[in-house]
Amino acid sequence: MSIIECGNVGYSYDLGVTKVLWDISLNIEKGDIVAVLGHNGSGKSTLIKHFNALLKLQEGRITVADIEINNETNVWELRRRIGVVFQNPDNQFVASAVEDDVAFGPENYQVPRDEIGEKTRQALSRVGMNGYEKRLTHTLSGGQKQRVALAGVLAMDPDILVFDEATSMLDPEGRRELLDYIKELNEESNKTIVMVTHYVEECYIANKVMLMKEGRLLKAGEPRDILGDEELLLSSGLRPPIATQIYLELKKRGIELDCCPLTEEELVESICRLS
Amino acid sequence: MSIELKNITHIYEPGTPFEAAALNNVSLEIREGEKIGLMGRTGCGKSTLIQIMAGLIKPLNGNVIIDGIDIDEEGYDRTGLRQKLGIVFQYPEVQLFETTAYKDVAFGLKYSDLTPEEKDENIRWAFEITGFDPDKVGSKSPLELSGGEKRRLAIAGVLAVRPKYLILDEPIAGLDPVAREKFLKLLRDLNEEGMTIIMISHNADAIAGFADRTIVMSNGRIEIEGDTKTVFMDRPKADEAGISVSTAGRIAGMLRDRGIDVSEDVMSESELLKELCVHFNNDNRSEDQT
Chain A
10 MSIIECGNVG YSYDLGVTKV LWDISLNIEK GDIVAVLGHN GSGKSTLIKH FNALLKLQEG
70 RITVADIEIN NETNVWELRR RIGVVFQNPD NQFVASAVED DVAFGPENYQ VPRDEIGEKT
130 RQALSRVGMN GYEKRLTHTL SGGQKQRVAL AGVLAMDPDI LVFDEATSML DPEGRRELLD
190 YIKELNEESN KTIVMVTHYV EECYIANKVM LMKEGRLLKA GEPRDILGDE ELLLSSGLRP
250 PIATQIYLEL KKRGIELDCC PLTEEELVES ICRLS
Chain B
638 MSIELKNITH IYEPGTPFEA AALNNVSLEI REGEKIGLMG RTGCGKSTLI QIMAGLIKPL
698 NGNVIIDGID IDEEGYDRTG LRQKLGIVFQ YPEVQLFETT AYKDVAFGLK YSDLTPEEKD
758 ENIRWAFEIT GFDPDKVGSK SPLELSGGEK RRLAIAGVLA VRPKYLILDE PIAGLDPVAR
818 EKFLKLLRDL NEEGMTIIMI SHNADAIAGF ADRTIVMSNG RIEIEGDTKT VFMDRPKADE
878 AGISVSTAGR IAGMLRDRGI DVSEDVMSES ELLKELCVHF NNDNRSEDQT
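Heads up: the sequence lines are chains A and B, in that order.
At position 8 of the first sequence (counting the first as 1) the number is 17 in my numbering, and the numbers step up by one without a gap.
At position 149 of the second sequence (counting the first as 1) the number is 786 in my numbering, and the numbers step up by one without a gap.
No lab work stands behind these hints, which were simulated from the structure alone.
Treat the hints loosely; a few may be bogus.
Claimed, not checked - Label-pair distances were calculated between CB atoms; the ranges are:
1) 918(B) <-> 11(A): 46 to 52 Å
2) 731(B) <-> 39(A): 33 to 39 Å
3) 863(B) <-> 197(A): 38 to 44 Å
4) 702(B) <-> 193(A): 46 to 52 Å
These numbers were taken from a predicted model, which means no experiment stands behind them.
Here a beta-carbon is modelled for each residue, glycine too, at the ideal position from N, C-alpha and C.
The whole structure should be built from the sequences, with the hints applied where relevant.
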């Protein structure tokens, strides 16, 4: 069952002078991890801002969890079902103390008070920020802020989680942890995940990659088919992950590994097998 | 000429329930002309350190000495400091505020002693070096530009005062690979012109390709410091401080752990590729012999 359906979506920020989305049609299935990949300005963020009705649909049709997104009476229900973690956490903080910020979502949906406390604690401990309840958000580091922003979304327990470049401020450990955690959310709680990224290295956790370029959906497919296609990526201002690049370069030199690796571990395994 | 930090200790909101230690007795010298990479886990004190370096936060203890003068000395020329040391914050694009791109870039020169002609020359240079045509972009509203362009424009505004020292906090976060490479080239060009550059980044591949010297912080202290290659070669220490070595360096280490002979000082993809070619060709040769 498709949980997100887009048909022929188009968008322009300036009344049609310059279009930033062109005829985008795609389906995201329940339980998918989809990576929306593309260079800066390819339209990734514009597209996903439609999913929770932050942007008003101009052309085409979008349903999210069977909800028509352009019907304004549906907005509350829509935003309960889909949560977005943005690139810059400062843009989504509403309260000064960590726990108040995380509690903001449930409060607005009139969750009973004692449940809010529990949800807040749970959400913070899931992102490894327990103990920070009373801290002021502005005293946190960039990466810590990003975790708190994620906790705020988790506290709402949405079916679909969208990450808009949400790993960009994290350190490598933090990024790995977040990616593992995203995978866990997907596997254990069957959350549908949409991650917007230009980090090709992150696409390994996805089961589907949608490559965007200049406002169009260039290609959708399995991660290996897209990340192993150097020409396609280069033409979109991107490069394959380093492990994949090494594989491709070895191939050019007549050394063929048994599979196209997406991660460092996969590359090492296949080099060891050949050795 | 240098930036010198002596025994810097800093605590946020001391004496309140929100008290949080940020820096613990940090000493450091950055010499003119260096390209410095500053790394460490989120929350390790990197951003606090550079704000102290720029005189934006007064540390609880310790001294900041820039070009031989303590910046907390009475009568210190703070305006002069602003012209000497430029700082680019995380997401600098949010600090654009003027009505036109030209005015925004010009703002830092408002109180400088330069003549209008000299100011204009600096501004045009800042536009050009960040990849803009001042005649085309100058009259536009900063808000009309794309995300990547806004970031470059914000940096142009910092560069227009022609600082001697340039400090950047995660300047490449959120840039795609092509934009990232272009940006690092810009920093290298500026360094060639004599600018000292201090860059905070989590991206080990970017640091490996850019910095002469790398400083790694952990829990408010300097944990590792040295020339970049040496820092990345010490994998156990790097792991402990939570930084990843460059991707190629990490792959090389994993191969060594599996008994494949790859040199210790592999840092870039091309070095790794060369080693792998040697490895496989040797293998082929030994097979031929048997």
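**Prompt:** Would you say the C-beta atoms of residue 918(B) and residue 11(A) sit inside 46 to 52 Å of each other?
**Reply:** holds, 50 Å
**Request:** State, for the Cβ atoms of residue 731(B) and residue 39(A), whether the hinted interval 33 to 39 Å holds or is violated.
**Result:** holds, 36 Å
**Request:** Using the Cβ atoms, figure out if residue 702(B) sits within 46 to 52 Å of residue 193(A).
**Result:** At 49 Å between Cβs, range holds.
**Item:** Range hint 38 to 44 Å (beta carbons of residue 863(B) and residue 197(A)) holds or violated
**Value:** Given range 38 to 44 Å: holds, Cβ gap about 43 Å.
Checked against the numbered hints listed earlier, the structure breaks none of them; every hint is satisfied.
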